[in-house]
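Read off the chains here:
Number of protein chains: 2
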Amino acid sequence: MASNNPVLNKIEELKPTFIKRLSDAIAIPAVSGDESLRPKVVEKAHFLAKQLKDLGFHDIQLKDLGVQPPPVSDSNLKLPPVILSRYGNNDSKNKKKTILIYGHYDVQPALKEDGWDTEPFTFYLDEEKQIMRGRGVTDDTGPLLGWLNVVQAYREAGKELPVNLITCFEGMEESGSIGLDKLIIEEADKYFKDVDTVCISDNYWLGTKKPVLTYGLRGCNYYQITIKGPKADLHSGVFGGCVAEPMIDLVHVLQSLVKPNGEIQIAGIKEMVAPVTETENQIYEKIDFSVEELNQAIGSKTSLYDNKRDILMHRWRYPSLSIHGVEGAFYGPGAKTVIPGQVIGKFSIRTVPDIDSKKLDQLVIDHCNKVFAELKSPNTFKTELVHDGNYWITDPFNKSFTAAARATKDIYGVEPDLTREGGSIPITLTFEKALKTNVLLLPMGRGDDAAHSINEKLDVSNYINGMKIMANYLLYYSED
Amino acid sequence: MASNNPVLNKIEELKPTFIKRLSDAIAIPAVSGDESLRPKVVEKAHFLAKQLKDLGFHDIQLKDLGVQPPPVSDSNLKLPPVILSRYGNNDSKNKKKTILIYGHYDVQPALKEDGWDTEPFTFYLDEEKQIMRGRGVTDDTGPLLGWLNVVQAYREAGKELPVNLITCFEGMEESGSIGLDKLIIEEADKYFKDVDTVCISDNYWLGTKKPVLTYGLRGCNYYQITIKGPKADLHSGVFGGCVAEPMIDLVHVLQSLVKPNGEIQIAGIKEMVAPVTETENQIYEKIDFSVEELNQAIGSKTSLYDNKRDILMHRWRYPSLSIHGVEGAFYGPGAKTVIPGQVIGKFSIRTVPDIDSKKLDQLVIDHCNKVFAELKSPNTFKTELVHDGNYWITDPFNKSFTAAARATKDIYGVEPDLTREGGSIPITLTFEKALKTNVLLLPMGRGDDAAHSINEKLDVSNYINGMKIMANYLLYYSED
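As they're listed, the protein sequences go chains A and B. In the working numbering, each residue's number is its place in the first sequence (first place is 1) plus 51. In the working numbering, each residue's number is its place in the second sequence (first place is 1) plus 51.
Check before you lean on any hint, since a few could be wrong.
One copy or two, it doesn't matter: identical chains are merged, so the pair holds either way.
The list that follows gives simulated cross-link-like pairs (lysine-lysine, DSS-like), each with its CA atoms no further than 27 Å apart [to be verified]:
| hint | residue 1 | residue 2 |
| --- | --- | --- |
| 1 | K279 | K310 |
| 2 | K310 | K427 |
| 3 | K359 | K282 |
| 4 | K282 | K310 |
| 5 | K163 | K282 |
| 6 | K148 | K104 |
| 7 | K310 | K421 |
| 8 | K352 | K282 |
| 9 | K261 | K282 |
| 10 | K352 | K421 |
| 11 | K163 | K180 |
| 12 | K282 | K260 |
| 13 | K148 | K233 |
| 14 | K427 | K352 |
| 15 | K421 | K279 |
| 16 | K433 | K310 |
| 17 | K427 | K359 |
| 18 | K279 | K359 |
| 19 | K180 | K460 |
| 20 | K337 | K359 |
| 21 | K180 | K282 |
| 22 | K433 | K352 |
| 23 | K163 | K279 |
For the record, the hints were derived by calculation from the structure and aren't laboratory data.
Please model the entire structure based on the sequences and the hints provided.
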């Protein structure tokens with residue numbers, strides 16, 4: 052795979068080092084949503100800070116974001132730090148462009164018992180298929196380390212980095228990026244003052260073969276419904292039939308939110324969604340995607356739509372409501388005859404242009420309160436927002452996207468598809484507004500990487516080729 | 052507390068020994084509903100067999116019930132043994148009556164994280180309040196050991212036991228008593244052939260002050276609904292809106308089962324319930340119970356009824372439907388943006404005269420299938436019975452009840468209330484039919500003992516007084 056580009060050759064050569072670095076990082080269970088694992092999230096921040104130092108980054112700061120606001124069990128729980136650092140400097144005779152690299156080092160929860168084939172926090176390399184497995188390999192530890200690896204490749208190839216880099220690596224992305232908005236706004240004219248553009252590698256290709264660049268994201272407002280009845284769990288034989296059961300109330304409220312066909316039943320949301328334009332319709336026609344690819348990704352034929360356009364539009368440009376689960380009820384295997392005393396139902400709504408987030412919260416809370424009132428239950432009831440994050444959309448033909456498209460074509464030989472994403476990286480919008488600049492989403496992994504699911508993976512080829520694109524993107528963006 | 056009865060005095064004297072025996076037994080986490088703890092259930096059987104041997108029981112047999120039938124993860128999982136043993140013998144010159152003592156040594160699941168104040172499988176004695184805490188103290192390890200303790204007291208007081216005893220101690224009661232029916236039927240003319248009556252101490256007083264004898268129980272049919280969609284959990288951002296979510300289907304089906312006011316919505320069940328008679332109405336008027344006692348037991352004012360008669364009738368003589376929880380969905384604290392790929396909803400119906408159990412199963416399955424079909428979901432759906440057990444009702448003025456009422460008045464100074472129970476001990480009916488004899492339910496613990504809940508407890512006074520009642524019951528039943 053030798054090319055005439057010494058940096059790309061160096062990336063190939065350093066492959067074992069880069070895989071080892073990812074393996075070491077995956078071993079730290081940095082689950083931001085599990086309060087008991089918070090020390091591990093902090094440990095991973097320190098691990099990364101050391102890597103940055105060793106690679107020649109400077110002005111490394113672990114920014115303290117204070118304590119985590121409620122709802123939280125430990126009211127003194129500290130948020131994990133945001134890692135700021137620089138590579139390269141501007142001086143009068145050598146003015147380079149500055150790119151801010153955002154990534155997150157925290158991960159989703161994962162237990163072997165969830166159904167993983169190997170321990171989720173023990174890195175596993177399938178030598179034959181050249182696939183790496185472990186919680187965080189694709190979301191987002193692999194892509195984050197990609198940038199560090201690219202710097203190492205430039206250094207060891209004896210080439211000067213064509214741009215300056217600033218890192219902004221956070222540890223709360225999987226839990227609503229709490230505290231990061233404020234930090235970005237505060238540092239906009241300080242640490243981030245020279246930033247020309249922002250690049251985020253925290254999403255995925257649409258399918259498994261064609262690289263993409265991403266110009267839009269849905270937002271996410273996450274809610275919980277708490278219903279309290281008896282002060283402790285009860286025996287359903289002894290008390291069943293004479294007490295109002297919180298779990299029964301809960302399924303009545305949850306089912307009122309959404310139909311099995313995906314139609315959200317909360318009044319007023321549909322009216323806020325921007326209508327589909329003719330231009331938009333045409334973009335969707337061009338994209339390389341099929342119902343079969345969706346079926347393969349989900350491993351079943353349980354799609355709600357039978358054509359590419361409807362599927363993609365419902366992933367990218369329409370809101371959706373998912374019910375994630377229930378805290379407090381019986382969840383184990385087998386049979387337990389319990390009446391749970393308190394249950395907490397969890398659901399979230401993916402938001403799109405032009406949904407107003409605050410108005411959405413009010414519609415959701417009003418709807419739940421109204422449905423619960425109709426149940427005439429003596430139990431106590433509360434619906435609350437757990438975290439929110441805005442949707443984002445940008446121009447896919449600006450300078451940064453053009454550089455990235457050229458870099459992608461170098462490596463994969465094809466023009467990348469221009470896509471939107473159903474998932475949320477709410478901080479994208481904050482960067483855009485606070486730094487008054489553009490943001491590029493440059494995904495490294497494939498659509499079947501199983502982020503947030505069991506057996507999360509990243510193909511070695513995506514890791515390596517992803518770095519090569521990053522390396523050339525820095526070069527092309529530095530030109531002109 | 053000295054009396055002129057040496058056996059009762061001996062029970063007082065041996066209190067520390069009896070508490071130690073319960074403490075040792077509680078330390079074994081014999082959770083029959085958790086396949087991974089099956090070796091512990093078997094360990095507890097061996098622990099009890101040794102105690103029986105040391106106390107002079109003979110013909111001790113640990114009856115093998117074979118492998119556990121589906122649904123079960125390990126298709127070779129063996130059922131825990133039933134412990135049969137004898138105390139005393141019939142010979143020609145000394146013909147005693149024989150009482151079969153039933154108890155169960157398995158327990159409900161319990162984790163400290165559920166909210167226990169102490170480790171559930173570490174016995175805790177509150178010295179000041181004289182209350183014992185631990186999973187199984189009241190359900191049913193304490194009462195089961197009560198019989199062993201009574202034999203020890205008779206022996207150490209130098210008194211011959213006035214009856215013969217046969218034990219039948221099982222290890223699957225909390226999981227549907229799988230295999231026990233068959234064993235009882237098989238042993239009816241063999242090991243159990245001399246049995247004159249059966250006594251079961253596996254329920255509770257109605258309240259916290261007045262002892263009771265129990266002449267009726269509800270049955271329990273436990274069901275699970277399995278809905279499968281994607282082959283693994285999905286990221287709700289990436290796939291939300293374009294796949295049919297099993298969890299959304301599930302809440303729609305679950306809410307169709309029962310109204311928040313407790314009214315079961317499955318057609319055909321109400322029609323099978325025996326009508327209330329005038330005599331029955333009068334029995335309910337006499338019972339010492341109030342709405343306030345219910346509120347105290349449940350720790351909240353979330354009763355569905357505002358008067359004694361409705362509350363007791365809905366606990367004892369009407370069916371109820373409880374939703375226990377969901378396996379496969381997100382259940383932890385915090386926020387996880389997952390679309391569960393497969394969910395299993397658990398619910399059960401408490402049954403009463405004259406509900407036909409098989410007909411009930413069919414009504415439930417037909418109802419669920421009908422509701423699911425109306426959802427027009429592409430997911431796969433199955434409703435199945437996990438375990439069932441019949442209701443039971445008997446004459447509360449027979450010889451065994453009369454002996455127990457007299458023994459109770461000796462110790463507590465009052466006539467016991469004659470009650471029914473909302474809970475299920477399905478094996479009661481099997482004993483009655485297979486052995487062609489009566490069954491007495493003689494509870495030891497109080498209504499607030501928190502069986503199946505956190506901080507399960509048994510007052511030391513109930514443990515000791517319960518044994519004294521058992522001791523005198525054996526005596527009075529032997530007379531005549």
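Results of checking the hints against the structure:
1. K279 with K310: both (25 Å within a copy, 17 Å between copies)
2. K310 with K427: both (23 Å within a copy, 10 Å between copies)
3. K359 with K282: between (50 Å within a copy, 21 Å between copies)
4. K282 with K310: Between copies, since 21 Å is at most 27 Å while 32 Å is not.
5. K163 with K282: between (33 Å within a copy, 16 Å between copies)
6. K148 with K104: within (22 Å within a copy, 86 Å between copies)
7. K310 with K421: both (18 Å within a copy, 16 Å between copies)
8. K352 with K282: between (43 Å within a copy, 10 Å between copies)
9. K261 with K282: Answer is between; shortest inter-copy Cα gap is 24 Å, intra-copy 54 Å.
10. K352 with K421: between (36 Å within a copy, 22 Å between copies)
11. K163 with K180: Classified as within; 22 Å inside a copy, 43 Å across copies.
12. K282 with K260: between (54 Å within a copy, 21 Å between copies)
13. K148 with K233: Answer is within; shortest intra-copy Cα gap is 25 Å, inter-copy 81 Å.
14. K427 with K352: For K427 and K352, the Cα distance is within 27 Å only across copies (14 Å; inside one copy 40 Å).
15. K421 with K279: within (17 Å within a copy, 31 Å between copies)
16. K433 with K310: both (22 Å within a copy, 20 Å between copies)
17. K427 with K359: between (44 Å within a copy, 21 Å between copies)
18. K279 with K359: between (44 Å within a copy, 23 Å between copies)
19. K180 with K460: within (24 Å within a copy, 77 Å between copies)
20. K337 with K359: Classified as within; 10 Å inside a copy, 70 Å across copies.
21. K180 with K282: Answer is between; shortest inter-copy Cα gap is 21 Å, intra-copy 53 Å.
22. K433 with K352: Answer is between: at 17 Å across copies they meet the 27 Å cutoff, but 36 Å inside does not.
23. K163 with K279: between (31 Å within a copy, 20 Å between copies)
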